[in-house]
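Asker: Starting from the known structure of chain S, arrange chain V on it as the hints suggest.
2 protein chains.
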Amino acid sequence: MPVRDAVVLLSGGLDSTTTLAVAQASGFIVYALSFRYGQRHDAELASAVHVARAMGVLEHAIIDIDLRRFGGSALTDEIAVPKDRDVNEMATGIPVTYVPARNTVFLSFALAWAETLGADDIFIGVNALDYSGYPDCRPEYLRAYEAMANLATKAGVEDGRQLKIQAPLMRMTKAEIIRKGTGLGVDYALTSSCYDPGVAGRPCLECDSCRLRAKGFAGAGLPDPLLAKFGIHPV
Amino acid sequence: MPVRDAVVLLSGGLDSTTTLAVAQASGFIVYALSFRYGQRHDAELASAVHVARAMGVLEHAIIDIDLRRFGGSALTDEIAVPKDRDVNEMATGIPVTYVPARNTVFLSFALAWAETLGADDIFIGVNALDYSGYPDCRPEYLRAYEAMANLATKAGVEDGRQLKIQAPLMRMTKAEIIRKGTGLGVDYALTSSCYDPGVAGRPCLECDSCRLRAKGFAGAGLPDPLLAKFGIHPV
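Going down the list, the protein sequences come from chains S and V. 17 is the number of the first residue of the first sequence in the working numbering; add one for each residue after it. 17 is the number of the first residue of the second sequence in the working numbering; add one for each residue after it.
Next comes chain S alone, as it looks inside the complex (with noise of 0.2 Å):
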């Protein structure tokens, strides 16, 4: 395989830690790339800095940007974070958890970074099956924004080389996620997916991101360890 670098968002999520633990399989040196962002849960960031020193990237970089400052989402502001929803109910429509271009300003510092190192590949754990209703997770918005990155750049201009945005989840439903990762050695204790964490990142159990998260591990016939971590036996 060839040995070659990459940036990986890294949110410490499940889907963002199983894009990490599958560009590393398939040979690329991982740069991890995580944001505070205002995000109200910031047990997700404690969850990558530990994800990313347990899997051994060269280096995790984690940028401040302050997305609060335009406001508009239940993530960052005051908005509550829904609860209790269907999970077949949650692809309806653009929820209000929704942040205003995240992955666009997330894949925009992504890009400024693959071209100082040199880097022609950047991953991103978006899923178009499981997913919550945000736009920017959609195929078509990728290959839009792989595009305009490399018209944008002195690699993709410059260089004659090719920036890929790589997205190895989108056609994966939760299940088969956790099924990779599990068969990537991936600890899925490590991560953190709730919208609206308790002390110590203790999940919620009822946001629609823990509900994703329960169906896929039911649905992939594994326990979630998480939950052994903190004492919670599954209904």
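Calculated from the structure, these hints are not laboratory results. Each residue gets a CB set at the ideal place from its N, CA and C atoms; glycine is no exception. You may find that some hints are simply not true.
Listed below are the simulated SDA-like cross-link pairs for lysine to any residue, each with C-alpha atoms no more than 25 Å apart in a straight line [as the list claims (entries may be wrong)]:
1) K231/V to K180/S
2) K180/V to R52/S
3) K170/V to K170/S
4) K170/V to Y150/S
5) K170/S to G201/V
6) K180/V to A41/S
7) K170/S to L228/V
8) K170/S to M186/V
9) K196/V to E156/S
10) K180/V to L145/S
11) K180/S to E156/V
12) K180/S to L167/V
13) K180/S to L228/V
14) K196/V to D80/V
15) K170/S to A144/V
16) K170/V to A163/S
17) K170/V to L145/S
Sample of chain S residues lacking proximity to chain V, with all beta carbon distances greater than 10 Å (derived) [to be verified]:
18) V121
19) Q178
20) G247
Answerer: Here is chain V on its own, set in the frame of chain S:
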């Protein structure tokens, strides 16, 4: 003329200030957006504050982002700013003052703000004629960005609106830009162009940006009021 909101990227330089004037003359209520991104020329940001105040924008947001974290440019690193280059030689190749993915990062924050405001228009003062060879200043780049933005956002996807990246200076020479702005009442003494300014923002007169500015004023047949402000007599 319709009254609509627009986000205008404002560096405090000659081009972005003229762009702001064009947006206002087109009937837009302006939200100005500037960045503290580790640039060595902090004088530019001071100019942005003066320009925004003098031109009566509705709101001026200054976002802190640390592009120095990734390095790779004479504008943010300890790489020397090139001096005394002939203006006709500048457009060959991408110079060391190029900041990786800078416009992509800036536009992405503008997109986040536009989405929160419900604004459909983002103005950027890029220019493909008298420019410095940056890949992210070309019309094909902006078209690709616009296509991506319309797939990225709630506005583009759900509300049936069309986000537009407006670059009114794209095909103007520096002299035409200066004549246009002067006709709209822009006070260019408030603006700052130098990549390597001295005390109180005194222009070095030797970097690419100072030389392009001098060529522009000469071509417009107008004196640069910034020189008078510093008691500099043009050669």
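Asker: Confirm or reject each hint.
Answerer: Hints, verified against the model:
1. K231/V to K180/S: Distance ~40 Å between K231/V and K180/S Cα, so the pair is violated.
2. K180/V to R52/S: Not OK: K180/V and R52/S at ~29 Å, beyond 25 Å, violated.
3. K170/V to K170/S: Distance ~30 Å between K170/V and K170/S Cα, so the pair is violated.
4. K170/V to Y150/S: 8 Å, holds
5. K170/S to G201/V: 36 Å, violated
6. K180/V to A41/S: 40 Å, violated
7. K170/S to L228/V: 22 Å, holds
8. K170/S to M186/V: 20 Å, holds
9. K196/V to E156/S: Distance of about 39 Å is beyond 25 Å: violated.
10. K180/V to L145/S: Since the Cα atoms of K180/V and L145/S sit roughly 29 Å apart, the hinted pair is violated (cutoff 25 Å).
11. K180/S to E156/V: The hint holds at about 19 Å.
12. K180/S to L167/V: Measuring from Cα to Cα gives roughly 18 Å; hence the hint holds.
13. K180/S to L228/V: Distance ~35 Å between K180/S and L228/V Cα, so the pair is violated.
14. K196/V to D80/V: 31 Å, violated
15. K170/S to A144/V: 16 Å, holds
16. K170/V to A163/S: 20 Å, holds
17. K170/V to L145/S: 18 Å, holds
18. V121: Answer for V121/S: violated, closest chain V Cβ roughly 4 Å.
19. Q178: Q178/S clear of chain V: closest Cβ-Cβ about 14 Å, beyond 10 Å.
20. G247: 39 Å, holds
Checked against the numbered hints given earlier, this structure breaks hints 1, 2, 3, 5, 6, 9, 10, 13, 14 and 18; the rest are met.
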